[in-house]
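Residue numbers (the UniProt record's numbering), protein chains in the order written: chain Y, 1 to 212; chain U, 1 to 212; chain D, 1 to 212; chain R, 1 to 212; chain F, 1 to 212; chain S, 1 to 212.
Please note: incorrect hints may appear among the correct ones.
No copy labels: a pair is met if it fits in one copy or bridges any two.
[As the list claims (entries may be wrong)] Taking lysine-lysine and the BS3-like style, the derived pairs with C-alpha atoms no more than 30 angstroms apart in a straight line are:
1. Lys202 <-> Lys192
2. Lys202 <-> Lys138
3. Lys44 <-> Lys134
4. Lys138 <-> Lys44
5. Lys44 <-> Lys202
6. Lys203 <-> Lys68
7. Lys202 <-> Lys68
8. Lys68 <-> Lys134
9. Lys134 <-> Lys192
10. Lys138 <-> Lys192
11. Lys44 <-> Lys203
12. Lys138 <-> Lys68
13. Lys192 <-> Lys203
14. Lys134 <-> Lys202
15. Lys68 <-> Lys44
Derived from the structure by calculation, the hints contain no laboratory data.
There are 6 protein chains.
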Amino acid sequence: MANAMLLPVLVSFLVLPFSAMALTQDFCVADLSCSDTPAGYPCKTGVGAGDFYYHGLAAAGNTSNLIKAAVTPAFVGQFPGVNGLGISAARLDIAVGGVVPMHTHPAASELLFVTEGTILAGFISSSSNTVYTKTLYKGDIMVFPQGLLHYQYNGGSSSAVALVAFSGPNPGLQITDYALFANNLPSAVVEKVTFLDDAQVKKLKSVLGGSG
Amino acid sequence: MANAMLLPVLVSFLVLPFSAMALTQDFCVADLSCSDTPAGYPCKTGVGAGDFYYHGLAAAGNTSNLIKAAVTPAFVGQFPGVNGLGISAARLDIAVGGVVPMHTHPAASELLFVTEGTILAGFISSSSNTVYTKTLYKGDIMVFPQGLLHYQYNGGSSSAVALVAFSGPNPGLQITDYALFANNLPSAVVEKVTFLDDAQVKKLKSVLGGSG
Amino acid sequence: MANAMLLPVLVSFLVLPFSAMALTQDFCVADLSCSDTPAGYPCKTGVGAGDFYYHGLAAAGNTSNLIKAAVTPAFVGQFPGVNGLGISAARLDIAVGGVVPMHTHPAASELLFVTEGTILAGFISSSSNTVYTKTLYKGDIMVFPQGLLHYQYNGGSSSAVALVAFSGPNPGLQITDYALFANNLPSAVVEKVTFLDDAQVKKLKSVLGGSG
Amino acid sequence: MANAMLLPVLVSFLVLPFSAMALTQDFCVADLSCSDTPAGYPCKTGVGAGDFYYHGLAAAGNTSNLIKAAVTPAFVGQFPGVNGLGISAARLDIAVGGVVPMHTHPAASELLFVTEGTILAGFISSSSNTVYTKTLYKGDIMVFPQGLLHYQYNGGSSSAVALVAFSGPNPGLQITDYALFANNLPSAVVEKVTFLDDAQVKKLKSVLGGSG
Amino acid sequence: MANAMLLPVLVSFLVLPFSAMALTQDFCVADLSCSDTPAGYPCKTGVGAGDFYYHGLAAAGNTSNLIKAAVTPAFVGQFPGVNGLGISAARLDIAVGGVVPMHTHPAASELLFVTEGTILAGFISSSSNTVYTKTLYKGDIMVFPQGLLHYQYNGGSSSAVALVAFSGPNPGLQITDYALFANNLPSAVVEKVTFLDDAQVKKLKSVLGGSG
Amino acid sequence: MANAMLLPVLVSFLVLPFSAMALTQDFCVADLSCSDTPAGYPCKTGVGAGDFYYHGLAAAGNTSNLIKAAVTPAFVGQFPGVNGLGISAARLDIAVGGVVPMHTHPAASELLFVTEGTILAGFISSSSNTVYTKTLYKGDIMVFPQGLLHYQYNGGSSSAVALVAFSGPNPGLQITDYALFANNLPSAVVEKVTFLDDAQVKKLKSVLGGSG
């Protein structure tokens, strides 16, 4: 009875401030059909629970390739719910003998959890070119500071899997070899700015589909 | 006479750099007809002095409700001039016996000025569940750190009024009771994640208009 | 009885994660005895409720001076609890005929609430030197974007009071007249960079205690 | 031979700029013996690979408690290498029937990967108290926006494990029940600010070790 | 031969992750036809090398004006490639006897490189009105903190040139004299908020094209 | 006479608020004797005009080395006045045939002004490995987004000089060749993560002083 009496007054309290605050931003699921901005995508309307959920990391990536490894991203482009939230994810599958080649993430730090197998990982500081390297087993985590060169490879005798989190929704991924050899940057320029030999540059350009 | 001579040259100086800088952003009054972004709304055009002014906090909120209190917001949704400026405001009216229930602002710290009456206020730290509480009189201020549970209630024998500022244009307001009881979250789930008794949960769901 | 049984297990749950998280930062009350950093002061230890409370804005500032106005700050230097929280406050008292002279806050936007009297306030945009001005009555609020020149003066026939919030803990206050005339910047330089007449500069230097 | 000739010149190039840049900050491993600052801890000296590695999430947490769950943090206090990098981690172990009670992280968004079992998870928006809930299986991820109430519980018939990443090095963890009942906040105040019945409040205060 | 074998597998590796990451944001060249946001302009599509290049600072600005100086901006409005990158530029040309009048940049710090001639520069702190001034010769640099009043003038017997960088893409430029005198702010208000004499205000209003 | 009367009142106004605001932070010149923090160094006391000035870029760097180039930094370590201000600088000297090898700045975007000669510069996007390259003449500027690989070399027949600004006080400099070859990262690992041939790796390790 008391409840019945309380109902109308409380609900009127409930309704008034909340209609007034209808534009509050708890989250901003990306509307990928809009142009991006420096702070992320505009917010889509009609958000549901599915926008905060992603199934795409559940299956192993296909490691039947030269590097015997696969990176499956859950960045804002795949998982729009992370837009504006300062975080994103990826899955690493590395077959025996596989490697995630030397690379950087220009826009985020990375935190790696090993969930299967053994991963050898390292990063290199800019100030002194110091190498920081660890052998990681199931359950171990390692952090790679933003923008620094790092790599991972399978250091064991079975497949390795890692879940990776990034400190931003759109970390980027610049693989050194692809940046150097998988485009039309002329061989002479590559050689000039890397000191690599001409034969080496041309070989890798050929392998990675570069021209020039 | 000297002035007359100076005029043409100075004005030409005036005009040239300023036309070149026509896109400078001193402020970004929200165009609420556009989609929000993680950094706030796109800027409207045709801004005037009225965009930086808000009258909506001048009148007392209606405290004729169960909690005997009213929160009148001046967030970006009500006061578009604060968009992008890292600040917003609200007015609290608390009748004798009234209370602003336990709540958080997910996206801003709060600074409260008491302008009339006596307010008992407190917040609770996350690390140790420590309660920080004060009795505030006219002229006193208190700060509530971002995201922490806090509450205010009238601790005196006359109406209390407070002006509140937030460290962001869209602080959000999550009232614990409304989050728990004023929606369709099933009672069994509420009980599981709060340890509250079934009768208690059902009573408050009924009062606050929740279902399930 | 059930409760008695639950007690030991729950408390052990309580104790373990919380000792592990003892370094969580809910807030960072300034230790003003340490050097500041670009993000604010180091955090003091031994925090209590009093650290989040400030009484210094309760009393009117002394307006018995030339400008017939007083600014009473509650910045991090006076109110260490706001350190790191992105907000601070001040009180403005403006007697009849009084003025807060043209000034900027280099490090914060300002939100002004009028609590007594009538205040005429304005700010000037940088892109086009446009003046945005309003007459503010009790209960009105106005926002002044970061870094832009603005002023307030009593526009009524009784004392005016305003509470002011800033979007940072240490907004700074650069009063144009003091910056130009209350130091040892040589008059010849002031004249060169402001186009003011020599007599005008020397008069104001004399009034405001400047030299050179 | 050519190499022998290049060596001295290149090394001199190498040495000069790098000694000049000895203070470059690639990372800032926390010196936990210093006071924290609003941006994190001061950087320790003598950093090694071990500073970027953490083993503490490899073992399951002890779920022999009332909630049948354990949260094992790898925040800056446990894993100083994440200081300043905008990321941290935790491990969730939830036995059958276990639950991570309703809580918020005041200072970070959360991204959850299920690595074993089935987890039912949900969060509640502030603007409309909308519940966003999903059943998550091995390999699924879900994101919980900063500062919003959320919960997880085991929704299956075997133990569940999740790895959790946060968008900051020190996310905080405010469990609603502990904030309300596990301290000395007087029962009368709790009841006033939550609308809970006196018996309910006293029961949970007793269970959770609160007083008053 | 080995290369020929590697080609198909590597390319398939190459293609898959990169199509998946097509929305990665390495940069966000401003689409100036869209509305600005608090974090900058939406990103344009169809970016080329020319978007990261600007020729507009190559030629000297026209100093045939009263102040014998010219500021040529390369802010986001002129150089859309800096959008979202936290940097922009300008060129200063100051003829003998010329001056860049007292001004602030509300939204950025400034770093000045002298490339020709001699520049006398100074800024004024807000806390104590202290003047920090230096005579700068070719090759010298000086930094001016965000939002503080500063000025530059030619201190030599030949033209001076400086390149200026800002810590944001849209620093703004508020010249004190223009803000005070080059608009319709009534003389009586200017006098009230600056303590300048009526004759002085009217003279400069006349020179700078102000009214009122 | 009027001035003499105004003096005491105004000065009292002047003194009171400014003593109260003695801790305002207009700038935070680095105290390099303290530990760094994630937001920069603690602020030194006893600041003078010299702290905002740096002469170290006035002289050409020594290009008598293999790369025929020199990078002279004015980062926070060399120029403590930029601490906390979001900006820093460097000078590039590139002799005929000289090159600044492929590198990244992990913590800042770069804006380059050519002041002498001709520079060919380029950067590579992460999303598609696209090369953005320009030939820059005296007076041209180019911007290189944070964290992306880029290079510069002398494209003319005389020495080239560039002034460079960064969007942060401590941008870092990671030269790909030094990161790969100038440390003790084992050759086998380098080969695995770069696909370079063993002979190539060993040759560059020898040239650049690496071991393993």
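*May I ask which of the numbered hints given earlier this structure violates, with the numbers listed in increasing order?*
Hints 2, 5, 11, 15 are the ones this structure does not satisfy, whereas the remaining hints hold.
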